[in-house]
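Both chains come to you apart, so use the hints to assemble them.
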Amino acid sequence: MTNEKNPVTQGKTPSIYPAKTKKQVTIIFFAVLAVYLFSMYWTQREMVGGIDGALGNMFNVISKFFPPNFAVLPAIWDPMVETIQMAIISTTGAAIVTVPLAVLAAENITTYRPLYFASRTFLNILRTIPDLVLAVIFVGLFGIGLFPGILALFIFSIGILAKLISETIEAVDMNPLEAMRASGGNVFQVIWYALVPQVLPQFTSLTLYVFEINIRASVVLGLVGAGGIGLILDQQLGFYNYPNAMAIVILIFAVVLIIEYISNKLREALI
Amino acid sequence: MADYQLPPKPKNSGVKMAKRIVIAVLIVLMYVWTFASIDIDWARAIERAMDNFQRVIPELFSPDWSAAGEVSLAMLETVFIAFAGSLMAAILAVPMSFLAASNMMGGKIFSATGKWILSAVRAFPELILAILFVVAVGPNAFAGVMAIAIGSTGMLGKMFSEIIESIDMEVVRGMEANGANKIQVLFYAVMPQIIPEFLSFAIYRFEVDIRASSILGIVGAGGIGTMIIFASNNRNWNEMGMILLAIIIVVTVIDFTSARIRRKIV
Chain A
136 MTNEKNPVTQ
146 GKTPSIYPAK
156 TKKQVTIIFF
166 AVLAVYLFSM
176 YWTQREMVGG
186 IDGALGNMFN
196 VISKFFPPNF
206 AVLPAIWDPM
216 VETIQMAIIS
226 TTGAAIVTVP
236 LAVLAAENIT
246 TYRPLYFASR
256 TFLNILRTIP
266 DLVLAVIFVG
276 LFGIGLFPGI
286 LALFIFSIGI
296 LAKLISETIE
306 AVDMNPLEAM
316 RASGGNVFQV
326 IWYALVPQVL
336 PQFTSLTLYV
346 FEINIRASVV
356 LGLVGAGGIG
366 LILDQQLGFY
376 NYPNAMAIVI
386 LIFAVVLIIE
396 YISNKLREAL
406 I
Chain B
15 MADYQLPPKP
25 KNSGVKMAKR
35 IVIAVLIVLM
45 YVWTFASIDI
55 DWARAIERAM
65 DNFQRVIPEL
75 FSPDWSAAGE
85 VSLAMLETVF
95 IAFAGSLMAA
105 ILAVPMSFLA
115 ASNMMGGKIF
125 SATGKWILSA
135 VRAFPELILA
145 ILFVVAVGPN
155 AFAGVMAIAI
165 GSTGMLGKMF
175 SEIIESIDME
185 VVRGMEANGA
195 NKIQVLFYAV
205 MPQIIPEFLS
215 FAIYRFEVDI
225 RASSILGIVG
235 AGGIGTMIIF
245 ASNNRNWNEM
255 GMILLAIIIV
265 VTVIDFTSAR
275 IRRKIV
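Going down the list, the sequences are from chains A and B. Residue numbers for the first sequence, in this note's numbering: 136 to 406. Residue numbers for the second sequence, in this note's numbering: 15 to 280.
Okay, chain B solo, but in the shape it has when bound (with noise of 0.2 Å):
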């Protein structure tokens, strides 16, 4: 009868063992810290959730329908920031990105420095910019717009000099065998390749800036955010359930219409 035995676990190697303990022992060293260091008032916090949670939660899912034309109002003008910042975004993000893209300026210190310039400006939250740009342009809309453009050109441009890497460079070489110009080259073998994606990115970072800019009031730089901030300040809860309603929809909404919107086009 044949003897049925599991085949002998592979050796691990004295290296690999001893690169998994001082990775376990940091992690653990890491939570150890955390947890040690870090001090929440339990007590006290959840003694206000109790206070809290009757004049909170109720109030949440009971939405103050007076206040829906005010919030419609903002919403669209949050809806106006997100749309004026990523077009433009999506227009400052293409030099940038030919510029990033190895494939394209020929010269590594071009590539470098344009991924070095997208990633400074993409380590920038969104709202860090646009207390900059407040402080500067003054509380308003338009500075939102600025913060939304800048900030998404830092990640569109990233997404694009990574489409733009991928192409079929085959192309490009045989249009340059047959004597083609840059430009030529540009519109006939580059341009056909990036535009359905260099789109598609564009219409998801839309969906993306909807979500940042409707909290952009906070700091004073228009949209919805500004009534999230005063609905708070006064504790006015219902209100904030209606926000929070419109907010749910319009990224809905717009989530699932250019989700439609990329599947075409793609």
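Bound conformation, chain A alone (with noise of 0.2 Å):
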């Protein structure tokens, strides 16, 4: 007797997902399609010769950047250093700007809600305007030279900075504020002691992460003007000057490489 009509064993199985899902994911994969073709129209009609004409092209360029010329090392090897402290500096100052930022932008500790919800909104707005934008006006403003550029870097590390430290304040244990609070501590006692030994290694876990995107914005600062290696970058491309270029590029990427691998290790001994 084989049991031939076991509805488990017989016909189709049943979806793991609801059909109504499976619906509306159809539709958001269409539009999503819809629009990158549109993006991909749209970004490619002012192409000359089309994506065939530009891949072509695009190995014919390449092959001009080989080989890099080393020559050119000692020669930009200061710009390169300057690029280096400008992220230095720019990374200090904003970590000290950014404590009372950031405490401010803290939910638990700024218990007063118009000053919190004022200083997240500057945040917001702060971390809107792209680094380059902020070089581009400081060199407007200053000159060419690193203090503009110094300047953009610091002010747009304080955006980030003090938004993810406050988001580190916002998820420490609230016990020990309160214990000290409950035996008299005032507000300063209470973040000095309580606060702080929590939040100090996260601190500078992300100080030396925002670090690394300052040496990664600073190499490209040049390139407005406001000081370090994308200036002489840029020059070189001016220049059609491409092994020149290419040397730039490999330094920059070693630089870059090194500092994010002992930025690495330091992080990982820190938490």
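The set of hints was computed from the structure by calculation and includes no laboratory data. Careful: at least some of the hints might be erroneous.
Label-pair restraints from in silico Cβ distances [as the list claims (entries may be wrong)]:
{"#": "1", "chain 1": "A", "residue 1": "Q370", "chain 2": "B", "residue 2": "Y45", "range": "28 to 38 Å"}
{"#": "2", "chain 1": "A", "residue 1": "G319", "chain 2": "B", "residue 2": "R69", "range": "49 to 59 Å"}
{"#": "3", "chain 1": "A", "residue 1": "R248", "chain 2": "B", "residue 2": "N248", "range": "41 to 51 Å"}
{"#": "4", "chain 1": "B", "residue 1": "A273", "chain 2": "A", "residue 2": "R248", "range": "13 to 23 Å"}
{"#": "5", "chain 1": "B", "residue 1": "R69", "chain 2": "A", "residue 2": "L401", "range": "36 to 46 Å"}
Beta carbons are placed, not taken as given, at the ideal position from N, Cα and C, and that holds for glycine.
Okay, structure coming up:
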């Protein structure tokens, strides 16, 4: 007696997803695809020769970048060092200024709502402005040089750092703070003895992370005249001196990798 | 009467102290080196700032509304660049992340190679990639799309591979023990666990890419950056104010929307 009408082994296996979800996902998928195709059309409409020509051209041009001319390394060493120094100064400045801002933007410390919302909104707006746009404005204001670059990085890092740190502050254990307050500690004592020890490792780690971001950002600031190695790269590309440009790109690549490696090791040791 | 005394402070071992002193000295040396060798022409910077202050700052806060049409069109192009770039990156990052995740392909060599490629890609700032692509495909928005696509693949690939490494392997092993083949394991054990987080990170990356693509035009890769560079060259700070306003509004709206979508997905 074979059980041929067993519903489990017969017919289609039921899908694991409900029909409604499937329909929604299909609609979203086609919408995304449509926007994507339109974006591709829009971004390529000004391209001469179309995608095939561009790809062929790409290989032609890339071969011009090789071999890189490493003879320029001594000459570009100084701007590279300058770039790193810009990142160091701006990160340090931002790490100092960010402390009061981060405390103000933490929901659990700043219990006065309007102040909290004001600092949150300020930081959100600050973060929307790209670093290079800040650099363009500061170059217009202070003239070409390192200073506008440092200032742009400084302001840009405040936005990121204050947000990250205020989130860390919001995640701390509130019990030590309440205990301090209950035993009569004033606001500053509470912050210093109960909050700081909890936040300090995270703070250092996030500062190093922002330092990494700043190294990358400072590399390109020179493109708008805000000092550092980007200026030299821009010049070399302007002269169609591709082997030199490639040497600069490789140096940037190496420096970014080394600093990221060191900073990663430090962060692992901290947390 | 009991004698209330603070417990003795924990003793620091000699090695720990030495380590701390070395670190402190290194940090101090780093700052001395930085501030001693950097040269900023303070006098000139301050003088220029005094001259320019009136010409720049008030203008920035009175945006040029007549440029609104042109600015929004350029901003739309920026959004298109970011969208096409991040979608390409999200697709490219999937195979890369499976390669780089240590629990998928077996073999440490695959994982190490994948991780190495991804971090190599990440080391290039997007703007440098954009410069290279502008030289290759010409100064147009497509160079921007390529730069965003390649740049984001590095970061997304890393995030994705970390997500894959954090999945529950019990499910995979259970399916394997029941005789499922690789494809079945992928579709029924791995994918349901990773898809929500993959989507969430891809959408987050779109937010980041909007910011990134708004400056690509500075090197000629399309979008609103082109207008930024024109406005700054012409000292047209009213128009710059308008551009800033457009960037702030679009970035805020997209951040807000994407945060809501991500909260729904995960």
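Okay, the hints, checked on the actual structure:
Restraint check, Q370/A to Y45/B: a C-beta distance of roughly 30 Å satisfies the suggested window 28 to 38 Å. For G319/A and R69/B, the Cβ-Cβ distance of about 55 Å falls inside the hinted range of 49 to 59 Å, so the restraint holds. With their beta carbons about 44 Å apart, R248/A and N248/B fall inside the hinted range of 41 to 51 Å. Between A273/B and R248/A the beta carbon distance is about 20 Å. The supplied range of 13 to 23 Å therefore holds.
Between R69/B and L401/A the Cβ separation comes to about 44 Å, which falls inside the hinted range of 36 to 46 Å.
The structure agrees with every numbered hint stated previously.
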